[in-house]
Amino acid sequence: MIAATERGLGGSPTSRPVRASQGRVAGKAADSVLLVASAAAVVIIVLMLMVVLGDALVHGASTLSLGFLTEAPRGGMLAGGVGPAIFGTAALTIVMTVAVVPVGVLTAIYLAEYAAEASWLARVVRLSVANLAGVPSIVFGLFGLGFFVQAVGRGIDRVAFGGQVTYGQPSLVWAALTLAILTLPVVIVATEEALRAVPRSMRDASLALGATKLQTTFGVVVPQALGGILTGAILAVSRGAGEVAPILFTGAAFFLPELPTHLNDQFMHLGYHVYVLATQSPDVDRTKPILYGSVLVLLGLTFALNAVAIVIRARTRQGAAARN
Amino acid sequence: MPLEATTTVPRKVRARGAFRRGAPAWHRLVEAGIKLVAAAAIAAILLIFAFIVKESLPILFDAVVRREVTLSKMWLPQRWDGAAARWSWQPASELPKYSIAPLVVGSLKITLVALAISAPLGILAAIFTASIAPRRLREVLKPVIELLAGVPSVVLGVFALIVLGTWLQRAFGFEHRLNAMLAGAALSMTIVPLIFTLAEDALSAVPRAFVDASLALGATKMHTVLRVVVPAAVPGIAAGVVLGFGRAIGETMIVVIASGNAALLDASLGHSARTITATIAQEMGEAVNGSPHYVVLFVLGATLLVFTLATNLVAQRIVERFRAQRGGS
Chain A
470 MIAATERGLG GSPTSRPVRA SQGRVAGKAA DSVLLVASAA AVVIIVLMLM VVLGDALVHG
530 ASTLSLGFLT EAPRGGMLAG GVGPAIFGTA ALTIVMTVAV VPVGVLTAIY LAEYAAEASW
590 LARVVRLSVA NLAGVPSIVF GLFGLGFFVQ AVGRGIDRVA FGGQVTYGQP SLVWAALTLA
650 ILTLPVVIVA TEEALRAVPR SMRDASLALG ATKLQTTFGV VVPQALGGIL TGAILAVSRG
710 AGEVAPILFT GAAFFLPELP THLNDQFMHL GYHVYVLATQ SPDVDRTKPI LYGSVLVLLG
770 LTFALNAVAI VIRARTRQGA AARN
Chain B
160 MPLEATTTVP RKVRARGAFR RGAPAWHRLV EAGIKLVAAA AIAAILLIFA FIVKESLPIL
220 FDAVVRREVT LSKMWLPQRW DGAAARWSWQ PASELPKYSI APLVVGSLKI TLVALAISAP
280 LGILAAIFTA SIAPRRLREV LKPVIELLAG VPSVVLGVFA LIVLGTWLQR AFGFEHRLNA
340 MLAGAALSMT IVPLIFTLAE DALSAVPRAF VDASLALGAT KMHTVLRVVV PAAVPGIAAG
400 VVLGFGRAIG ETMIVVIASG NAALLDASLG HSARTITATI AQEMGEAVNG SPHYVVLFVL
460 GATLLVFTLA TNLVAQRIVE RFRAQRGGS
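Chains as they are written, first to last, in my numbering: chain A, 470 to 793; chain B, 160 to 488.
A few of these clues could be false.
Computed list of lysine to any residue pairs in SDA-like fashion (alpha-carbon distance at most 25 Å, straight line) [said to hold, decoys possible]:
| # | chain 1 | residue 1 | chain 2 | residue 2 |
| --- | --- | --- | --- | --- |
| 1 | B | Lys-256 | B | Trp-234 |
| 2 | B | Lys-232 | B | Phe-466 |
| 3 | B | Lys-194 | A | Glu-662 |
| 4 | A | Lys-497 | B | Pro-279 |
| 5 | A | Lys-497 | B | Arg-386 |
| 6 | A | Lys-497 | B | Val-365 |
Chain A is nowhere near these chain B residues, computed Cβ spacing over 10 Å in every case [to be verified]:
| # | residue |
| --- | --- |
| 7 | Lys-256 |
| 8 | Val-264 |
| 9 | Leu-424 |
In case anyone wonders, no lab produced these hints; they're calculated from the structure. Think of the CB as a built atom: it goes at the ideal place given N, C-alpha and C, for glycine as much as any other residue.
Just chain A, same shape as in the assembly (with noise of 0.2 Å):
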């Protein structure tokens, strides 16, 4: 790695006869030590990536099988799978993205079709979902608690219910709601980014073909900036998937006999899984096998969602960069 660095180096013509002539010996040495610092950052959080990649698959993997992405947690937690934590993430992800993805590429499509640059509404929208970003995930458990769960879940109750605690508990739909806030910036960052990605070109040649503003965005633009829209929502269901403190109360179980089939429904999830494994285990070194298992199947679920993401992303943005 260090070998091709120098080599881009010496490839800028100017900088060794003038520093020859200078013959400043203490700025070669600066240079170098700029030069290995860095490449040593570089290299240092490689390996941590690599580390802890390595770490979950070389202890994981004797335990994946197919009985334990199927089964069910057995003998407290110490045998069995992680079935219904998986039928749960996914269950939890899907309404998640039902939920955010229309939203998200609305928003996107007004910020970067409809509004002005200067317009006041687009420049409060902007800063909302700069601050969204920034929003730890625990106060989003806790406004999940304190708004869907309290507020509007026993508001339903009260309502359609006689009282009666329906909706107004801990469940799938209020956790992914939860989650669909928190990813939501994800979704319209990368959306925005693909619209903007769509040549003038194509938009100016629908208009001058008659038709509408409407058509075009519709008609021409959102189906040019699939790839990048699909990214987004990757990425968001990545984030969904991998996050646990902003269902710690709004839904996820530590352990259930059975799986969800209502939205009212609490749920187990591979994530809070792993948490619940690492910390309240009776038994860490027998707990230990079934803990990196799940871990595996967490990281393999995030991480293949996230290089699925990175790719169309890379692809996206040569395609616009060789268009313009």
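Given the structure of chain A, go ahead and fit chain B onto it with the hints provided.
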């Protein structure tokens, strides 16, 4: 009408559009709907703020809650059982004690460790990637480092708990395996990609002409990087570090798993620490709805929210001022 005024369509096209039949009325309706949906993000942040504050308000106005805890009791040292004044977090004891000080110190200790590791690493790696590495290497490095941001925080917590904890204990001889240093080190793994990405963006945005001018004047490549490129990108890099600070203060799952969670008030990095976030995560499940404990946990959440929004605004302000300068020069 406002929609029409804000379209990006060139004027001529719009004028010609007046000759063909106008868009059907339902197009206007859909466009108004899009605008309405776009306001959802504003509603979300306002609702979050409103509800966290609403659930915290009893600490100011509810007599039952105030008999047990007030804001001044949370912040000022208290004399309990006639003992010397001290700060203590013991919400489950006979005489509940809700001092926020040990939690703030715990959060700050862990955050500073995380920043001390991730800021130099992230910035140096960004310098290498943006200004030194050949283009092809750069295109590989960026996504690889960004993958680290996709690792769920519980996974990093487990890694700290089982692997990193042992390594650090062996290296530093900590008495307790789970401590502020470990939590901070694990936390730095989520902050590094954030600082890296923002710093890299800032460095890549430095105009090529700056570099060329410096090289033409006879400066070496490294001299140019250090004295021209990095100074020009300082605001963006600073914004990244500020955002990293906010993210680190707000991170929950890693510190719950790796910090040991003892609410001690001391400066030692080798001791266990309890953060604001971890306290909320661990105690909200047991707090009775509407009880003083429940209200105090929401007050912690509100404190956290205000703090992170403030860091966010600072970061945005830095970037904006930078942009204004750049535009003016």
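Going through the hints against the structure:
1. Lys-256/B with Trp-234/B: The given pair, whose Cα atoms are some 11 Å apart, holds under the 25 Å limit.
2. Lys-232/B with Phe-466/B: Holds - the C-alpha atoms of Phe-466/B and Lys-232/B are around 20 Å apart, at most 25 Å.
3. Lys-194/B with Glu-662/A: holds (18 Å)
4. Lys-497/A with Pro-279/B: holds (22 Å)
5. Lys-497/A with Arg-386/B: Roughly 14 Å between the alpha carbons, so the hint for Lys-497/A and Arg-386/B holds.
6. Lys-497/A with Val-365/B: Judged against 25 Å, a Cα distance of about 24 Å means the pair holds.
7. Lys-256: The assertion about Lys-256/B holds, with a minimum of 22 Å to chain A.
8. Val-264: holds (18 Å)
9. Leu-424: holds (22 Å)
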